[in-house]
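Q: What follows is the residue order along each chain.
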Amino acid sequence: MGHRVGMEVSIAVSHAVQLARAEAIAAYPITPQTHIVEHLSSLVANGELDAEFITVESEHSALSACIGTSAAGARTYTATSSQGLALMFEILFIASAMRFPIVMNVANRALSGPLNIWNDHSDIMAARDIGWIQIFVENGQEAFDHTIMAFKIAENHKVLLPTIVNLDGFILSHVVEALEILDQEAVDKFLPAYHPRYRLDPKEPVTMGAFAMPEMYTEVKMAHQVALTNAYDQIVKVWEEYAKLSGRQYQPVERYKTKGAKVLLLTMGSLSEVAEIAVDELREAGVPVGLVKLRLWRPFPFADLRAAVAGAELLIVCDRALSLGGAAGPVMAEVRSAFYPVASQPQILGYAIGLGGRDVSPQTFKEVVSQAQREAQQGPSQEFYLFGVRG
Amino acid sequence: MSKPMDQYTWQEIAIGGILIEPGSAREYRVGDWRSQHPVWTKSRCIRCGVCWTVCPEAAILEEPEGYFDMNPTYCKGCGTCARECVTGCISMIPEEE
Amino acid sequence: MEKFGTAQSQKFDTYASRLLPREEFFTSGHRACQGCGEALAVRWVCKAIGKDAVIANATGCMEIVSSGMPQTAWMHPWIHVAFENTAAVASGVEAGLKVLARKGKLSGPPPKVVAMGGDGGTTDIGLQALSGALERGHDFTYICLDNEAYMNTGIQRSSSTPYGAMTTTSPPGKMSIGQHTWKKDMIAIAVAHGVPYVATASPSYLFDLFFKVKKALQTPGPAYIHVLSVCPTGWRSAIDLSVRLGRLAVETGVFPLYEVVNGHYRLTVEVPKLRPVTHYMKPQGRFRHLRAPEIDFIQRQTTARYELLLQKCQAPYPEFPPLIHAEKAEEGEEGQ
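Chains as they are written, first to last, in my numbering: chain A, 1 to 391; chain B, 1 to 97; chain C, 1 to 336.
Next comes chain A alone, as it looks inside the complex:
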């Protein structure tokens, strides 16, 4: 089925793209995604991947070219981070509205102002509304697995939506990990060839990207919203199918030691593994704490989240990004909103940690938990907490 190797996660991700038999790649280099595209370039150059690699002149053109290749009917992939994601901003909406099943890895990196190449989630959190399926991974194995699965999810005719697999920049992308690389045969069985619903073909001409007057825009958007919401079922199905193949079962919301937990932490991405250590240590010290890991970000798994948190008194949402001037923690804001219609809900506090790649250790989480418990008891003294800020 596969073989275990010690491999840099970026290289593993590029092998996932190779195994998925991607046909067209248009990408622009940006730290920390560079190793993915560099390795893909060399795979193409050595004839190990039969694909067209377009060395575009910007990320905006990268996603535009991806739309072109997808419209022609090719299996399409790209990767970016931070400023690159921000540069392709207007095209992100168009790619999903036009329903092209492009797969993109985002090696999460802080957005500029000031320039910072290290990991946080501000790049993807600024792109919540783009209408793509969005998934977070917490380690290299997951980055590999989810990149392969993303093609199957995106290209499903019931879905036909572009998909982002987020992996933390540097913390995951540049780390060597022991992981299992599946065999080509296993992936081929799992992931059949891409058959586009519509493509640019003179034998059956279609017009893609027509404009919509106010009389029609709402209806087109409704179709998109329904498609994205209903994609949940297909996503779960694909994850179950992959579990049979790999033995690794993924869920939209995963729980770690949440049984009997009065206090819950909520994390996304690689922070989850660090939080697990903190939860272990806190439990040993007698603190009834557990961890909820949010894997599926879009479509938002309302039911799974509400079920995972049921019974807790305090939910500490750990954001790795800020939504400045608003509710401050984007994940916290969405989680609170998810609980609004629910009769019984825990107290929900939001802590922003690890911005701009600042290190987060198990100790950080332990301090966050004790601080949050104090705040919850005394009544929250602030709207949001930027943990660890000096001054």
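There is no bait here: all hints are sound.
Covered stretches of chain C (in silico footprint by chain B; criterion: 3 or more residues with CB under 8 Å from a CB of chain B, positions within the stretch not fixed): (1) 19–32; (2) 38–46; (3) 62–74; (4) 239–247.
For the record, the hints were derived by calculation from the structure and aren't laboratory data. No residue lacks a Cβ here, since even glycine has one placed at the ideal position from N, Cα and C.
Chain A is already provided as a structure; the job is to place chains B and C on it using the hints.
A: Just chains B and C now, kept in the frame of chain A:
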């Protein structure tokens, strides 16, 4: 055949807003815009076809004997054909109301 | 590539209209203004492209008038994404078709890829994508439909707006004569990228345009054609004058028709004696505010640039002997 815009339900619109019927613009009668239309004086027409080439609307049709006439569904009355006619046999006549 | 030779327009072209294909690929029912020169250009470009092609189009006049849901005037497979990325989208379509053909997933050879954009989407906001696509050498044709301003959004200036022209963002006034920079030379930019076929064209010289488009499509690698599209609405000219103004632009030397084949310049419509530029500018309201000093400047510049073009056509070709490959030079030395 397309419906008026405000009669489409969201389920009826093809995926991603794609339009699957090429040339469906032909359903729209842009000829209703014009305030003048071309008239050919057949005796002076040499059937060269220049008028047909310069019409931005492709609204000039060839008749069986090789003469040309406007297509009332699409002629916007711009007068380019009259201006470019080699013999000057086309006149622009105001639309009668 | 020599099949069509030099597309030199002569009187007989006028009478050969009937030899042109009848099938309409840019159908009636589009919402362009009456007398739109760009619609005429697109109508003929689409006919020259033929059935076996795919079009990527920029946001602009032609895109808006032809593709309002639920109707489309395009008979070709057509894609519009955004304003500034047409060349990038076309690059993607070309690469996608290439890989599919290689994998045997296409029934037949890949169709031609054509990118169309206005002067806004090409010379300004789209210049980066165009430069990238030309540099990477994709096998596609880029056709710029130049109506000399951002017409669709209400006649704002672009870098293709001619000197002295009135637009809403280069209006004449106490402190301004209108557009104060000269039209950006897109042909030179394309030639600088080493594009094998670059040409100017005009729907007023229909056969010239038709054969240039065919030649561009048949040229392997990128090709760039710059088409002057008269806009009566933006240029403030009479709606029946679009073809005449296009002809005057050529006869006054304002928009010479030429092609550059592998760096070799060649006029395709020769004008033995240039008319004064005022013949071209008078019917257009956008130049009405210009006084003698500006008109004189325009005349001198136009004449000078035309002479320069004639010199380029005369220039020895190739200008420098081609670089000898390193290995060949070594072989030569060993042979001695």
